[in-house]
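For this one, chain A is given, so just place chain B on it according to the hints.
Chains as they are written, first to last, in our numbering: chain A, 5 to 245; chain B, 50 to 252.
Do not take every clue at face value.
Unchecked claim - Pairs of lysine-lysine residues, derived as DSSO-like cross-links and limited to a Cα-Cα distance of at most 27 Å, are as follows:
{"hint": "1", "chain 1": "B", "residue 1": "K213", "chain 2": "A", "residue 2": "K14"}
{"hint": "2", "chain 1": "A", "residue 1": "K32", "chain 2": "B", "residue 2": "K213"}
{"hint": "3", "chain 1": "B", "residue 1": "K160", "chain 2": "A", "residue 2": "K221"}
{"hint": "4", "chain 1": "B", "residue 1": "K143", "chain 2": "A", "residue 2": "K14"}
{"hint": "5", "chain 1": "B", "residue 1": "K181", "chain 2": "A", "residue 2": "K159"}
{"hint": "6", "chain 1": "B", "residue 1": "K181", "chain 2": "A", "residue 2": "K33"}
{"hint": "7", "chain 1": "B", "residue 1": "K181", "chain 2": "A", "residue 2": "K128"}
{"hint": "8", "chain 1": "B", "residue 1": "K97", "chain 2": "B", "residue 2": "K79"}
{"hint": "9", "chain 1": "B", "residue 1": "K82", "chain 2": "A", "residue 2": "K100"}
{"hint": "10", "chain 1": "B", "residue 1": "K239", "chain 2": "B", "residue 2": "K216"}
{"hint": "11", "chain 1": "B", "residue 1": "K97", "chain 2": "A", "residue 2": "K32"}
{"hint": "12", "chain 1": "B", "residue 1": "K181", "chain 2": "A", "residue 2": "K122"}
{"hint": "13", "chain 1": "B", "residue 1": "K77", "chain 2": "B", "residue 2": "K181"}
{"hint": "14", "chain 1": "A", "residue 1": "K100", "chain 2": "B", "residue 2": "K213"}
{"hint": "15", "chain 1": "B", "residue 1": "K160", "chain 2": "A", "residue 2": "K222"}
{"hint": "16", "chain 1": "A", "residue 1": "K100", "chain 2": "B", "residue 2": "K77"}
{"hint": "17", "chain 1": "A", "residue 1": "K33", "chain 2": "A", "residue 2": "K59"}
{"hint": "18", "chain 1": "A", "residue 1": "K33", "chain 2": "B", "residue 2": "K213"}
{"hint": "19", "chain 1": "A", "residue 1": "K222", "chain 2": "B", "residue 2": "K181"}
{"hint": "20", "chain 1": "B", "residue 1": "K82", "chain 2": "B", "residue 2": "K143"}
{"hint": "21", "chain 1": "A", "residue 1": "K100", "chain 2": "B", "residue 2": "K181"}
{"hint": "22", "chain 1": "B", "residue 1": "K160", "chain 2": "A", "residue 2": "K100"}
{"hint": "23", "chain 1": "B", "residue 1": "K212", "chain 2": "A", "residue 2": "K14"}
{"hint": "24", "chain 1": "A", "residue 1": "K221", "chain 2": "B", "residue 2": "K181"}
Just so you know, the hints here were simulated from the structure itself, not pulled from any lab data.
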Amino acid sequence: MYVDQDLCRKCADCLPICPVGAFEIRNKKIVINYDSCVECGVCLRSGICTEGAIKQVDEIPYPRIIRAAFSDPLHHHESTEVLGRGTEEMKTNDVKDEFTEGNVGFSLELGRPGVATKLSELDKVTREVISLGGEFATYNPVLSLMENPDTGALKSEVLGERVLSAIAEFIVPRERAMDVLGELVTFINHSVDTVVTVSLIARNDENGGHSLLDDLKKLGQELGFNPYPNGKVNVGMALVR
Amino acid sequence: MTHTLDRIGLSENHSGEEIVILCMVHYKHKEEKSEEIQEIARTVLKYKPNNFIGFPLSIPEEYLLPMAAQAGIVTAVFTDMSSITSLVRELREKALGISVVLSGLFSDVRKICDETGLTEHTTHYTAGVFGKTDELPDHLTLEITTQCGHALVSSHYVSNIVKKIRKGMLTSEEGAELLAKPCVCGIVNKKRTAEILAKMAQL
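One chain only, chain A, in its complex shape:
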């Protein structure tokens, strides 16, 4: 993305719409701070510039293109066949049965809500997840960034790229889930230089009950967090005949 200075009227209407505040006034010109910009496309799609001064470059080179892949939901991830930065995770679990009664899925979304993250922070988290025995989801675009899946290390050339958020998705056995969560919360609070939204996926019991939520509430009392009263529920519609 760039600002065509011949068309820009310097009205500054574009400044607030950027989710990461990448528009700046420099030497009496509106410019984009390319270190901050995550290539999400909001400024262009919004039509906020009535003069058409916000323009997309012909091609974003690698590794910068990773910013768009993890920030623009209309960017198609070749590695997952899914638009956006994540996977189908539990949304289609009544079809694919990836999350079974014996395991719990974790989603660690770095940079969300609204802070963004350098991929060097993701590198710290993926290494920690591997050290805790987490098994990464097959169709997570984060896997395509890994140089060594055995250690969780990301490719060195991507570490400086900044994205709106990146999601480490992995599975652990149900009986270890609360221990792993406790260790991750401590690690994130002490070692990660951004915000991380932590969420967990579990099968409901046969009556639709939420036993994992009860475990989360207990751990939350010990560690000082409150699980949300709301979330996402797959209601098993695909199984209705």
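Chain B only, in chain A's frame:
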């Protein structure tokens, strides 16, 4: 894609305030379920959602059906229990073999399941936000910005719109329409957003 998860500000004191529906075809079945996902899009629109996929991009309704088939996904926001319950009941009767996810209070989802004969299958819970939380904006701003699962709604834009409401340049409803636009999935609850903006403008 945590997507419709992690929305801040829902409370048991406001049951039924917001239920987001997401219908998704497993990517391996996209071609064979093309007709069915279009039928879902048609049915969802019949119940007049508060917001839906494509709406923020001003995509005409006649293009929504082929778009749903191409993307394999339909999303919409409902702000009353009666409409969403009727919609879920109709989708159940049609038995189209496509996954449906409801996002909202777990107690609201339980009521809908009880009324429609469904049982919760898999749940995605949020433990909270950790790490550098001092970099987050205020709670009311987060109640708006976390409605976009891709974090495309800027906290600076919320402040900018609140200022315009205070100056009488916008109504809170107009402000909510503007803030819903960056969220291309159409999952911002414009009714709740307008209420939050009105509250912020009073501060």
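Now the hints, each set against the structure:
A threshold of 27 Å between alpha carbons decides the hint, and for B:K213 with A:K14 the separation of about 19 Å falls inside it, so the pair holds. A C-alpha spacing of about 24 Å is found between A:K32 and B:K213, which places the hinted pair at or below 27 Å, so the restraint holds. Annotation: proposed proximity of B:K160 to A:K221 holds, straight-line Cα distance about 22 Å (limit 27 Å). A C-alpha spacing of about 54 Å is found between B:K143 and A:K14, which places the hinted pair above 27 Å, so the restraint is violated.
Restraint check for B:K181 and A:K159: satisfied, since their Cα atoms lie roughly 25 Å apart, inside the 27 Å limit. Between the alpha carbons of B:K181 and A:K33 the distance comes to roughly 32 Å, so the proposed pair goes past 27 Å and is violated. For the hint linking B:K181 to A:K128, the alpha-carbon distance of about 15 Å falls within 27 Å, and the restraint holds. Annotation: proposed proximity of B:K97 to B:K79 holds, straight-line Cα distance about 25 Å (limit 27 Å).
The hinted pair formed by B:K82 and A:K100 meets the criterion: a straight-line CA distance of about 15 Å does not exceed 27 Å. Pair hint B:K239 plus B:K216 holds up; C-alpha atoms about 21 Å apart against a cutoff of 27 Å. Distance restraint check for B:K97 and A:K32: the Cα-Cα separation of roughly 47 Å exceeds the 27 Å cut-off, and the hinted pair is therefore not satisfied. Proposed proximity of B:K181 and A:K122 is supported: the alpha carbons are some 13 Å apart, at most 27 Å.
Restraint check: the Cα-Cα separation between B:K77 and B:K181 comes to about 39 Å, which exceeds 27 Å; the hinted pair is violated. Between A:K100 and B:K213 the alpha-carbon distance is near 48 Å, which puts this suggested pair outside the 27 Å criterion. Between B:K160 and A:K222 the CA atoms are separated by roughly 25 Å; this keeps the pair inside 27 Å, and the hint holds. The suggested pairing of A:K100 with B:K77 holds, with an alpha-carbon distance near 10 Å, which does not exceed 27 Å.
A distance of roughly 16 Å separates the Cα atoms of A:K33 and A:K59; the hinted pair therefore holds under the 27 Å criterion. Straight-line distance between C-alpha atoms of A:K33 and B:K213 comes to about 24 Å, which keeps the hinted pair within the 27 Å bound. Between A:K222 and B:K181, the direct Cα distance comes to roughly 24 Å. Compliance with the 27 Å bound is thereby established for this hinted pair. Restraint check for B:K82 and B:K143: satisfied, since their Cα atoms lie roughly 13 Å apart, inside the 27 Å limit.
The hinted pair formed by A:K100 and B:K181 fails the criterion: a straight-line CA distance of about 35 Å is larger than 27 Å. Of the supplied pair hints, the one linking B:K160 and A:K100 holds, its CA atoms being roughly 26 Å apart against a limit of 27 Å. A C-alpha spacing of about 20 Å is found between B:K212 and A:K14, which places the hinted pair at or below 27 Å, so the restraint holds. Under the criterion of a C-alpha separation no larger than 27 Å, the hint pairing A:K221 with B:K181 is consistent with the structure, at around 22 Å.
Comparing the model with each earlier hint shows violations of hints 4, 6, 11, 13, 14, 21; every other hint is respected.
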